[in-house]
Each structure stands twice: as structure tokens, then as C-alpha cells.
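Q: As a plain string of letters, each chain reads:
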Amino acid sequence: MSVVSPHLGLGQGDTSPDPLAKTAAAYRALMRRRFAWLALLALVAFAAFVADLGTGPSRLGLAGALGGIFRPDSLPAPESAILWEVRLPQAVLAVLVGLALATAGAEMQTILDNPLASPFTLGVSSAASFGAALAIVLGVGIPGVPQAWLISANAFVFATTVVLVLQLVVRWRASGTDILVLCGIALFFTFNALVALTQFLASQQALQQLVFWTMGSLSRASWDKVGVLAAALLVTLPFAQRAAWPMMALRLGEDRARSLGINITRLRLMALLRVSLMTSTAIAFVGTIGFVGLAGPHIARLAIGEDHRLLLPASALTGAAIMSLASVASKAIIPGVLLPIGVVTAMVGLPVFFSLIFSRRRMV
Amino acid sequence: MAGLEIENVRAGYRGREVLTDLSLPPIEQGRITALVGPNGAGKTTLLRVLAGLLPACGSVRLDGLNLLDAPTGERARKVAFMPQFVPQRLSLTVVEAVIAALRASPMDMERTSVDAQQRALEALDRLKILDLALQPFDTLSGGQRQLASLAQALVRQPRLLLLDEPTSALDLRYQQQVIANVREEARKGMIVIMVLHDLQAAASWADTVMVLSGGRLFAHGHSRDVITTLTLRQVYGIDAVVEHTARGGVHIQVE
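Chains A and B, in that order, give the protein sequences. Letter by letter, the first sequence follows residues 206 to 569 in our numbering. Letter by letter, the second sequence follows residues 2 to 256 in our numbering.
Just chain B, same shape as in the assembly (with noise of 0.2 Å):
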């Protein structure tokens, strides 16, 4: 079926399992989903996964093919992934940054150069930083470097979209062209998922939330019968009063 579905996933780092056996239910495309959860509660790990970038047992199938046991060339041509981190000291272009997450992996190889420049012209143009396009890397702010960052993802127009704190460092107006930029894609067919810390964000931009906890799924649905004052009490351990808006927003305010 179209769409993706994680099954019976495990998965950790040396001698610690952080996922441990998460299910999720089936996530369709032209919809974000957000991951919210502690810290600790598996969010980044299952991003990871999905990326390809830790093993896995388990089950995960975008539409139909197992990511966990599929060629890594297929595998990267259908998923991108926006890490949290950029590395601090690079000095190529953005441009230039562009064009390597395009060109990089073997089988990218016979795309022409004029084209994959053309493609990251235009990728950096959809997200408005086309004037830092001949900037080195490290003459960059943190929300440009975000920004930037998330045109190496975007580039690639995969299948599945992964972004990890996406918004982490961007000031309210470029949040804006990040979620109007990646629900356009989701609209086209895309399948987004965002790990986000802020839980009002999660709420005013995702269509499903999924809080996770303890490596397991903890609840999923729409903001509004997800972020609940139940949810912040047996999750998080905080008392807080927790107001929906009737334009899809919350606000918390912990007491």
C-alpha cells in the first residue's frame, strides 16, 4: 500500500534499546506528521532508522518496499533527511552544498551538471535564500545554515521527508517559509515527518501528532485530543493547563 508503515521496529545504541517494539499506524502522504515526545523517548532514534543511518529489526515499509533490508541507493533516492547538526566548519557554497546532496551518492552520478545546478537554484529559490546562494558555508547565521540545510533535503524531492527540529534556530517569518514550503511538498505527494520539541508548534503545523515515550507509542491523532493536560502529566510529568484555539493552535502554561 502507499504510504508508510513502521512494525515491530527495535532499535538503540550499544547495549541500550531505546525503541523497543514501536508500532506506529500507517502514515499517509500529503500530511505532516510530528514527532513529540521527552528527551530520551526515541524521536531522534526512529529518525534514524527511517534514515537509514542505525539498524533496525522490525518492519518498515515505504510503499510496500522494506527500507530496512532495501539497497541503500534505492533506499536514499526515496528518503531525505534533514539532520539536527550542520558541521560548523565548511566552507563550500551553498550552492555547492546543494549540488554534493545531489550529486553525491554513485547512482546521482549521471545527472548532468548544468541540471542538478539548475535543480539547486531552484530549490534555494523556493525557500527564499536564493541571494546566499555563492555564500560559503561558515559566513552563515544558524537559521540561514537551517535553511540551507534543508534545501539539501528538499533537492532531492523524495518520497519520504525527514526533518529533525527543523525550526530549531529559525526566527518566526522563515518558520513560516519552512512549513509553507514543506506542506506544499506534503500536498504534492510527499510524506513528512518532523521531530519537533515545541508542542505548540507540533500543534499549529502538523496534521497527526505522535507522542512518543519510553520507546513505545504513547498516542497519536490530531493535536487537540493528543497534547492534553493527561498526555503533559504521563509524559512529561508536568501539571500544566493545556488550551486548544479554534484556529488549530495551543497554548500550555505550566503550573
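Chain A extracted, bound-state conformation (with noise of 0.2 Å):
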């Protein structure tokens, strides 16, 4: 038998590295992949926001759009009025939803240790869906809130009571996500029901209007909006950011993170509160767009992997992506009509959707 020592031979291919700094040196190539990855989604969602931008059934296009943000005096004012009014405030609401939506399905995901958690599952959209109705149909809506907001503010309101209703779970039961996922299910039928029962009485111009707030749509978006999502995204994502490695912790079983010295109990329920700020407010304002909260998540953990401190933001950019795109192709499908975004997310989405789990190749 021939023993062949490295340490023999003569040339370069002779230096036996150290194996822990080969790994050590594997882990940050896989480290640069991932940003790579997470740069190409920036690179799409960012494309596909100006895609938006430059889509619309009036004439402007692509390049006046550019054009008109970088020299506002270089377009006509009915066309300026457009930009600024409508195409701007809808494309950066849509980005704004698709970030919220998908890092609050994330989150939801993790801390429900349940790939299938999403605001919508859960009853969350559902119990907005309800708020709207009752805003819609029977004017009922807080007291002191302007006409204009009445419909938000009861999403939000609804929105926000489940999530709460779910948190006092979480605190009764500190065990069992199980239970969790159940109430949600239960609330989810019972506000679907409830939504049932007012479409059932309301008259006709009512239940029009409630069906078309039920599927979903950004023409209702306004700088205002932007702002008011923009605010909840700016008080939640960086508490999500820093929670990254408890929740990563928390992924290594109950047991263990809470032998590390992490209380789960707390941890669950300020994840909880972000999601509820987010999706509530997301949803108050475009109506129930599905599919968003529960893929973004998937397709980035498809591309990155579980590390916390990545799938934040990767989530963040591919909802922002998914809901770009599908605001172009609710422009685009049928010319001059604009379909819900809603029925768009679905409809697009869903094909994509399905390719990637069947294919579950991980891109990483």
C-alpha cells in the first residue's frame, strides 16, 4: 500500500490548509452568496418599482415618469398631476404593503414554528375584512374619525383586536403553538362568517363597494397613506431586525432557546405586536391582498436560508417585488382597466408560487 503525504509533494497544491479556516472561509463565501442574492432582489424589487411607475392607462410612460420626478417642470400639468397624484403615491404604497406583508409573514413563521402562518391564515385579514364591512355597509366606525378614514380605521381596529385576542393566547398558554394556530383558524372562519351575514343585508351599492374593498387595491392610495405605513414600518422593522438572533434561537426548539436563557413567552408577543402594526395597517389601507405575506417569506428562505439577520430583509424586498409586479400586471393584463391587486397577486403569484415548492431546490 502507497501512502501519498501531502506534505511531500512539491509545488503549491501541497499546503494542507487548516481545516477551520477552509470552513471558516466557506462559511463567509456562503455569507457573500447570500448578499449577492439579497443585491439581486434589490436590484428586482427596485426594477419592478419602476416598472410601476412607467405602467398606467394614461400616456405616460417610462420615461416621462423618470423624467418627471428628476425635472418636475418637464412634463404638462395634467400629466405632472398624474405622476405625482397617482402612479408615485400607488407604486411607493404598493412597495410599502409588499415589505410589511412579508416581513410580518416571516416573523409569523417563525415564532408559530409554522411554515403556513400568515396574517391571512391566522384571521387577521379577515377580522379587517369585517371592520371594512361594517364601516361599508352599516357606517358604523368609530366615533371622531373623518368620513374619508372611517374604513381604515376600522381594518385597523379589527385587525389589531385579533391580533391581541392571539397575544392573550400566547399568554395563557405558554406552551403550544398548536393552540395558536387553531384560534386563528377559528377567527378567521368566524369574521369570514360575520363578512357573509353583512354582505347578506347590505343593499347593492354597499355591497359592490365591499366586495371590491375585499379584493384588495392600491387606487386608493394617497401620500398620506404612504406615510402613515411608512411610520409603522419605521417603528417595527428595526425591532424585527434585532430580534434576529432570539428568533433564530427560538428555530432551535422551545426547549433549548428557553434553557439559553430567552424569554419565549415575550418574545412571541412583541413579534406578535409588530406584526399587528403592520399587517393591520398594510390591510387598512389596500383591502386583503393575500398570497404576499405567506410566499415572500418562502421564496426568500428558498434563496437564503434561515439566518434571521438576512431573511428580514430578503422577505422585505420580495414582497416589495411580488407586489411591484403585480401592480403592473393589474395595469397591464386588460388595457385602460384596472384589476383588483388582490385577484392579481393570486392569479400571478400562485404558478410561481407552486414551481418553487414542487422544485424545493435551494438556491444556496
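No wet-lab data here; the hints were simulated from the structure. Be careful, since some hints might not be right.
[What the hints assert, rightly or not] Okay, the calculated beta carbon distance ranges per label pair: (1) A:Met552 - B:Asp132: 40 to 46 Å; (2) B:Arg174 - A:Val370: 49 to 55 Å; (3) B:Arg174 - A:Ala226: 25 to 31 Å; (4) A:Pro556 - B:Gln201: 52 to 58 Å; (5) B:Asp116 - A:Ser263: 53 to 59 Å; (6) B:Asp64 - A:Ala226: 33 to 39 Å.
[Said to hold, decoys possible] With a Cα cut of at most 35 Å, we get these calculated DSBU-like pairs of lysine-lysine: (7) B:Lys189 - B:Lys129; (8) B:Lys79 - B:Lys189; (9) A:Lys227 - B:Lys129; (10) B:Lys79 - A:Lys227; (11) A:Lys227 - B:Lys189; (12) B:Lys79 - B:Lys129.
[Said to hold, decoys possible] Okay, the calculated bits of chain A under chain B, using three or more residues with CB under 8 Å as the criterion: (13) 225-231; (14) 455-461; (15) 501-512.
Glycine included, C-beta positions come from ideal geometry on N, C-alpha and C.
Assembly of the complex is requested from the two constituent chains, each provided in isolation within its own frame, with the hints serving as guidance.
A: The following block contains the structure:
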């Protein structure tokens, strides 16, 4: 038997690097690949946003829109108004809604240890729909809220209430995320039934408005709403990012996480609070838009893995890209007709999502 | 005093007390202690009390610090726990999981990521699973998961290491690997307590065997004095022939 010792060889191939250093280098390379994916996602999201700006029923095209942003006096007044009052707030709101829903979905999937968890599977959006239904059909709302914000305010209050109920469940039953998921599903069916009841009672006109609301739409976008949602994201995203390591430890198992000194009840509670603020604000402004909160984090996880430091921004960017692309599609599928964006996200997104799940190949 | 003292501990689950006034002889550092006993005897319950996962009455002192009312962070720094089961769906890579175990709690945050990464890789290297470092957890075999899980506990360099069935999924070679590592840590001053079902494994690996039965200590000492025909009959309710080998092993033939 002959044994070849690497140390006796000649040339450069003979160095046998320290396996620790080698693995550390491989890990660094993996992280670099993930950052590359993150950059790519950011690029896609940005390109989708720009395409969204340049799409619409009016003649204002991509070049005109971009020119109008950088040189506001280059556009005639009507087109300038379309750009600043319609296109831009809608496009920005689409991005923010995508960021909010996908981040919320990622956080929910982690704290519930359930890949099916999303703001929609746990009844948050059904509750928002019911709140909106009360405002649209019965005119019931919070006293003192101006008429223009009545629907949004109602949706927000109901969505937040559901999350608070789920939080109480977390507090009472410190263990067992299954119970939380079951409660969410029960709430989902309850509020759907209540929405159906209000639909049954509604007048023809109110019914039409309600159905349109539940399909989700960016057409109600305004700079005020952009501002409110941006503020909600500013107070939640930094805390979500700060919780990245404890959330990863939670993924190692509840017992392990608790033995590491993590207060998992508090961790879940804080995450649910963030989820509540993000989703209820988003849903209140654009209606129910499904799929983004579920698919955004899944696609991001396939690309980046479960390192929460990167998974959260990746989910957010994926969500933003999905929303912007869906917005483009909602304007472009039938020229001149603005399809409800919630319908588009489901129709366009689902085939993509299925192909991803079934191929289930890791990209990194 | 240095070591672990457990006195008059009562603990259990909703309406069912499992540990009924359990007191153990002092557990010294530098030794591996095996907890054995039939199902429901309270082995895992005791481990969970020590790890801070289950509230209890009584006194558990680690180097004089009462673990039962110590601040969470202080306990977590001194005690590491390896649960019996590892989550099934987890696409974190092995090294990330170990780093997460190191940086999870608020007081670990000041550790730099480079330092944590280095320590995590060293822990994997000691267990000879460095080649798994970049594998996602859910692609590992049962045994590999167990080793990666042990790495998550060892990397914290605790004073008290608690292992729940650490070798149940391992082949002989990896069992030796694990025990050699744990023994080395014990030699350097760690207190090691492991729950084992396999009496033969307990006899060959542990310096002290403690037999629990019905939430109380039935016997303790060297395996030769503890794992006997009498113990098997009284604790497990079986008749068996027990032969101790010269090298510390035991052979049990159930009749």
C-alpha cells in the first residue's frame, strides 16, 4: 500500500490548509452568496418599482415618469398631476405594503413554527374585512374619525383586536403554538361568516363597494397613507431586525431557547405586536391582499436560508417586488382596466409559488 | 461549596407531582453522573428543573448559587441543556445553529460575530463534524443532528452540562466520540449529568450512577454497586442476571 503524504509533494498544491480556516472561508463564501442574492432581490424590487411607475392607463410612459420625477417642470400639468397624485403614491404604497406583509409573514412563520402561518391564515385579514364591512354597509365606525378614514380605521381596529386576542392566547398558554394556530383559524372562519352576513344585509351599492374592498386595491393610495404606513414600518422593522438572533434560537426548539435564557413568551408577544402593527396598517389602506405574506418569506427562505439577519430583509424585498409586479400586471393585463391587485397577486403569484415549492431546490 | 446540591425538590406537571421531595448526594465536578430509572421515574423532569424549564420547590445549589431563584441570564450562563429532540424542520446550517446558541440571549450580544463563529467552528471540530458545518439541519441524519445539538450545548462552556439521552441515535463510533468529549470537559472541571435509558451504557460511561424511582432516589454509587439484580427487580420489576465485567461494563440478561 502506498501512502501519499501531501507534505512531501512539490509545488503549490501541497499546502494542506487548516480545516478550521477552510470551513470559516467556506462560511464566508456562503454569506457572500447570500448577500449577492439580497442585492439581486433589491435590484428586482427596484426594477419592478420603476416599471410600476411607468405603467398606467394614461399616456405617461416610463421615460416621461422618470423625467417628471427628476425635472418636475418637464411634464405638462395634467401628466404631472397623474405622476405625483396617482402613480407615485400608488407605486410607493405597493412597495411599503409588500415590505410590511412579507416581513410580518416571516416573523409569524418563525414564532409559530409553522410555514403556513401568515396574517391571512390567522384571521387578521378577515377581521379587517369585517371592520371595513361594518363601515361600508352599516356606516358604523369609531366616533371622531373623519369619513375618508372610516373604513381604514375600522379595518385597523379589528385586525389589531384579533392579534391582541392571539396574544392573550400566547400569554395564557405559554406552550403550544398549535393552539394559537387553531384559534387563528377559528377567528378566520368566524369573521368570514360575519362578513358574509353583512354582505347578505347590504344594499346593492354597498355590496359592490365591499366586494371591491375585499379584493384589495391600490387605487385608494394617497401620500397620507404612504406616510402612516412608512411610520409603522419605521417603528417595527428595526426591532424585528434586532430580534434576529433570539428568533433563530427559537427555531432551535422551545426548550433549547428557554434554557439559553430567552423569555420566549415575551419574544412571541413582541413579534405579534410588530406583526399586528404592520399588517393591520397595510390591510387598512389597501384591503385584503393575500399570498404576499405567505409567499414572500418562502421565496426568500429558498434563496437565502433561515439566517434571520438576512431572511427578514430578503422577505421584505421579495414582498415589495411581488407587489410592484402585481401592480404592473393589474394595469397591463387588460389595457385601460385596473384589476383588483389582490386578485392579481393570487393569479400571477400562485403558479410561480407552486413551481418553487415543487422544485424545492435550495438556491444557496 | 463547589458542585451541585439538590435538596427536597418537588416538581411536576399540571396537577401531577413527579418529583416528590427528591434529595441527591452532592454531585461533584470532574465526574459524569448518569440518571437512570424506569419511564416516569422523574429523570427528564429533574433535568428540566435544573435547566430552568420547569418551576420547582426546594433547593438546587450550583457552587452555592440557588438555581431555582437565580436570574434567568445568570442561570443560562452556567447551565447548558441538550434536549432529547431536535426540531424536524430547520434549514439553518449547523454552524449557524451553534452560533445562534451562543449569541441568543441578551447578555451574549456583546460577543463579536467573528469570535462566536470561531468558537462555533471549534466546537464542531472537537466533535469531528466540521465537515457538516455548512449543511442545513434538515438534511442531516438522526445521529448527525444529535451531534450538532450537543455542539450547541458544549459551545457555551457551561459549568453544568445537562444531556437528555445524548447518544440515543448514534452509532458506536460516534457514541465513543461523544463520551470522550464529555469526559474531557468533565476532566477540565465541568459537572456533567446525563439521562440514559441504556443501563449498559450508563455503567460503562458514568462515574456515578443514580437510580430514580417514583420521583425519589433509589440508589446511587458506582455502577457495580447500583446496577444489581435487586435494583432491576425492585425498580424495573424484572428478573435478570447481572454480570459486571472487569473493565467497568455490565451485561444484563433478562430471564
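Q: Holds or violated: the 40 to 46 Å window for the beta-carbon distance between Met552 (chain A) and Asp132 (chain B)?
A: holds, 45 Å
Q: Taking 49 to 55 Å as the stated bounds, is the beta-carbon spacing between Arg174 (chain B) and Val370 (chain A) within them?
A: holds, 52 Å
Q: Using C-beta distances, would you say chain B covers the segment 455-461 of chain A, given that this needs three or more residues below 8 Å?
A: holds (count 5)
Q: Going straight from one Cα to the other, do Lys79 (chain B) and Lys227 (chain A) come out at no more than 35 Å?
A: Measuring from Cα to Cα gives roughly 31 Å; hence the hint holds.
Q: Counting residues of the segment 225-231 of chain A with a beta carbon closer than 8 Å to any beta carbon of chain B, are there 3 or more?
A: holds (count 4)
Q: Assuming the hint says 25 to 31 Å, is it satisfied by the Cβ distance from Arg174 (chain B) to Ala226 (chain A) or not?
A: holds, 26 Å
Q: Holds or violated: the 33 to 39 Å window for the beta-carbon distance between Asp64 (chain B) and Ala226 (chain A)?
A: Check passed, 37 Å falls within 33 to 39 Å.
Q: With a cut-off of 35 Å on the C-alpha distance, tell me whether Lys79 (chain B) and Lys129 (chain B) pass.
A: Within the cut-off at roughly 25 Å; holds.
Q: Are Pro556 (chain A) and Gln201 (chain B) spaced within 52 to 58 Å by their CB atoms?
A: Cβ of Pro556 (chain A) to Cβ of Gln201 (chain B): about 56 Å, so the range 52 to 58 Å holds.
Q: Does the Cβ pair Asp116 (chain B), Ser263 (chain A) satisfy 53 to 59 Å?
A: holds, 57 Å
Q: Test coverage of the segment 501-512 of chain A by chain B using CB-CB distances below 8 Å; three residues minimum.
A: holds (count 4)
Q: Need the status of pair Lys189 (chain B), Lys129 (chain B): alpha-carbon distance at most 35 Å?
A: holds, 19 Å
Of the numbered hints stated above, none is contradicted by the structure.
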